[in-house]
Amino acid sequence: MIRILHQIFRTGIVTEPLPAETEAEVQEIGAKLEDAISRRFRRSLTIRMVDAGSCNGCELEIHAINNSIYNCERFGIHFAASPRFADMLLVTGPVSVNMETALKRTYNAAPPPKLVVALGDCGYNGGIFGESYASLGGINKVIPVDAYIHGCPPTPAAILNGILKAVSGGPYAK
Amino acid sequence: MEKNYLKDIMTSAFGPEAKQDNSQYPNSPAPPNGGVTACQIPRERFAEAAKAMKTAGARLVAEWAADETLLGRGFGIYACYEKRGEYLIVKVYAPPEDPSFPSITKKFAPAHRFERQMNSLMGVIPTGHPDLRPWIKHEGWPKDAYPLRKSFDASKPMQRIKGEYNFIRAEGEGVYEIPVGPVHAGIIEPGHFHFQAVGEDILNLEERLGYVHKGIEKRFESLSWIDGVKLARRVSGDSTVAHSLCYCRALEAMTGCSPPERALWLRALMLERERIANHLGDIGAIANDAAFAFLLYQFSRLREMPLRTNLKLFGHRFMMDKILPGGVAVDINSNSKKEILSEMDWLSKESERLVVIYDENPSLEDRVRDTGVLTPDKARELCVVGFTARASGQNLDCRIQSPFPPYDIIIPKAPVLNSGDVHARAWVRIEEIRESIRIIREILNNLPDGQSLQSQVPSPQPHKAGFAVVEGWRGEIVYWIQSGAKGEINRCMVRDPSSVNWIALEEAIHGNIVPDFPLCNKSFNQSYSGNDL
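Top to bottom, those sequences are chains A and B.
Its first residue numbered 715, the first sequence is counted upward by one per residue in the numbering used here.
Its first residue numbered 31, the second sequence is counted upward by one per residue in the numbering used here.
Derived lysine-lysine pairs resembling DSS-like cross-links, with alpha carbons at most 25 Å apart: (1) B:K173 x A:K818; (2) B:K192 x A:K855; (3) A:K818 x B:K186; (4) B:K113 x B:K49; (5) B:K260 x A:K855; (6) A:K855 x B:K186; (7) A:K818 x B:K192; (8) B:K136 x B:K37.
Residues from chain A that keep clear of chain B, each with C-beta distances beyond 12 Å, as calculated: (9) R757; (10) S758; (11) G790; (12) P825; (13) P826; (14) P827; (15) K828; (16) N854; (17) V859; (18) D860; (19) K879; (20) S882.
What the hints contain is simulated information worked out from the structure, not anything from laboratory work.
Glycine is no exception: its CB is placed at the ideal position from the N, C-alpha and C atoms.
Isolated chain B (complex conformation) (with noise of 0.2 Å):
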């Protein structure tokens, strides 16, 4: 594997022109480990290097906007990509009087949404997007306000004005509009569905989120570091070990912190503990959404118990506030890794006889197969991550492209499959269940011993910037952090999984019937706080 990749591309499209920005990330492990390169080109380049990296077959990660007129230098304009694990990090400037940038839609489809979120809450223009409706930002927000930028004061109450969101339409006989949520028909997070529809097929589907937005990303900015990590445990709650741990290994790059060997290996305990948990919920609504709510409360029945174990061996049913800044807050004795072994023992017999059952039913079968296809194209296209993508070909987990320890030793195998269906995203589940089974075993069976479970994390010093990935069980977190003058946080970017698979559920849909959508919204269980942010 070339580990410089996607740097050398860059340095041959752009020559001197791409200056190499290393001294903002000073402890970033050499790529593929988890480490991100990052280099400065001219605002007015920023398409053309979107397009080189589309040539080479990169991956959108992320998009983002930064204000940096605190430390002098008006909006930082930020796109990550990725392939095969090295991460690189492409930044513009564009000062505050004139705040446009290329716009990269063209290339990449994610950036769609991304470049209409960094306008509505940043205010930078992506000259040349085709669609600049306000996201996450709702129609009762003042035109101008912009949440990220510095001279925003967010602790006040804002002010509302009136207005209307347009809606894509669709028109001709017999066409219909079917409207959904925000508040939903189930206990679930709350979002707005616009369906267009003939008789039963789905014609389109628009989504708009944004109802949960809580200000995260500026909230962090009002934070101290150490106090920033409550704030990531709570971006989405089925996800608190792996957005904590992401936040702490940015924090961790950015400072030179390295935890002790026992609490990384704690750690990736945890973060396989919530991968089992979820899946476990999951595949039990999958089959309810099918009308077949045997399993619902068969597999409910067994995500209760590795909840159980965590409240008493860890202190909590989701091990919230359990990961911190250089290391962990708990550690386990040798009763508790028997206690473990035994219950992953019980689990692996009592999850394979109900995957017997979801495999020999032919009903559920039928509603589960060819539902919801997400081809192996549009899942590249559409740069989705975690099991989404890997249900839909494609071969993508930082645990396993771009591992931190123990997962450099403990490699994962990540089950790839190409029908893109219900049933694949479901079964993708079920394999992950055994191989974290199997990498809690290893993990338990080969625990470094020491007494300490914390580091120091030394104070950020200014100007700096942190980067991490993790592989939630949702697929591949990422935070970028930056530090202001004074070494306080300047900027605290989140991304969620579901920052760029919400839309393809909007492709998935296409060609289905509108009983289906609930079975198919299900399948994929993203988040909207996540997303909204």
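Chain A extracted, bound-state conformation (with noise of 0.2 Å):
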């Protein structure tokens, strides 16, 4: 246990602000996001994670913005194991055939209003699998998208940014 203690304390807190350029677009964007999440998703955002055919690139990078360096529940951000909590749903890969019909379920289960963000360049459109018998390509093709993320795969920073627009623009900024 001392030894856990003493870890602790000597890692004392790692979170880093987000890149300058970065940090300078929340800050832009923080007096509008800071109301909207607080009105719309009563101040924390529920984020349901699918993979609808993805090669793990970007699950990688998801992981990473829950870790300790980027942390993004101080941004009152968190992960669901359900859909039926998710203010919103990030979808990652080309849509597979044969996940297509989960993806479809998910989004339906998931509560209004939910906001679909499509991460990395396949989700945008297909990427590298392009359109084939076991690809439909972009997330759009099976469900309504209202941001994209673009990276392959996009860095982490770039992810947090990505949903904090998505949060605070189109009709979630009202």
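Two independent chains are provided; combine them into the complex using the hints.
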């Protein structure tokens, strides 16, 4: 136990401010965002992550936003096990034919307002997998998408920034 | 070590009926240096060859089919075996009007899924297979959709039908079923697990995968050889370096291209950095699934640092797109070298502190010891690879058994444990992090000089094949490529370690309780994408 405590105090708080350019943007949208999250989502944003066919690269970076350095919880963002509690679906991958039904069901299980954010280049247009017998292409081929986060995979800072922008933009900013 | 042990067995068992088929592998190095020998036998003797290989103590590496109608030959059916670094491919032909071949499932357990997959995607029929339910091909696909056949137009959307998958059933008083997935509770890839349980005890687990099947193998056939590497990098994102390296090595073996020495060493540097990052993440995640979140946050803090260095020095956090056919895309200078060396010192010190905490925590030990045991006998029978194999007594590491430079000079030490439980799979990773740190230091201290980072890759000749194995962080990755009549990609067979290791999870879970499943699953941490393709 003493070792654990020692390690905790040695490590201290490692959470970093977002990189300068991202930080500036966050500052800019900060007020709107706080208002949006507190009014629309009661001060916290619950995300259900759905892998609709990705190569798992995007999942690694979504894991990273949960680590103590990016620490998404400081913005009131956390991940839920069930779509029933979700304010937002964060969807990766080209949609594979074999995941189409599961993705639609997950979407239908989420309560409104269900914000859908497609993450990664594959989620935008199918990426290198394109459209074929097994891949339906981008997420918007199957469910409506509100915002995109580009990158292969996007960096954790880009993911955080993208989520914050998605919440503060569009119909949710009102 | 006898270099041609398996080949000699084939020759003595089959005599002149085993035709050496090395014209297809013109530049394959001699075994055991990553080379392969191939022989063709009459179709009806396919299972007999499997029996001879089983008796010889060989391991089934992969089994696959190739549509060679455009090469004027019907279907090629292939099985690849390995013993002590000698890889041997046994090939038979099946004519298009009768695409059947003798099943080898009764000799080698992993053939069970390989053959289901061949049957589902290529439409070849393994005669005598006990369970030909579709695999990867889901119930919504038309029955006659065989995407890997040349006659199948993959660019068009596929029609869908109604159907149902017949799960294995268990009946009896108190027996109930728990269907899990494909969308799981965490941030993880999709797959379906079907449990039968009595109380908390798991009677049986049946995996049902294929949800992330994106048609990767078929997609390769529409790409050029140079563009193919972009796809190989995205077969399994966490193994992007290892997969692209294996693809490039197969292409280089087929075309006789030798990358500059410095590039070979830089490739190994990236491969070891990928191993460290993934192992760090895994150890933390295993502890987290035993409710010890402290180590998850500590290890993910460590994992983040090499990823940042990767971004700074290689231009990408996972070093994606940095391995090229014939070489690498990035070089490092003396400052980068110093930076990596001091990072290794830091990482080594920090991770050792955490290892002590892992090792001294009785409540964690209680969860990870004797949980999810894969016995050495089972591991051998299932032909598992990678850290899963090494945690279950199998001394398998193709960096050691079929080394390519610089592993012929910097020889890795593979940790082998016998308990086969969650702890063993975690501890093998701990040992491998230590070993990778040592290898990285050696690579940097002895990195050959040179300006050139890439050699020209000659255009592939028609009717050739290439084969390569690479030890990724999860285990042995295999690529087998074949050129068509115009030198284009006729077939690219990908075998991720997960394709064999997934069955091991079904075996290891017997006798465990349902709440320990996530812990067991995480200790294997297999790729869904690499398996489903």
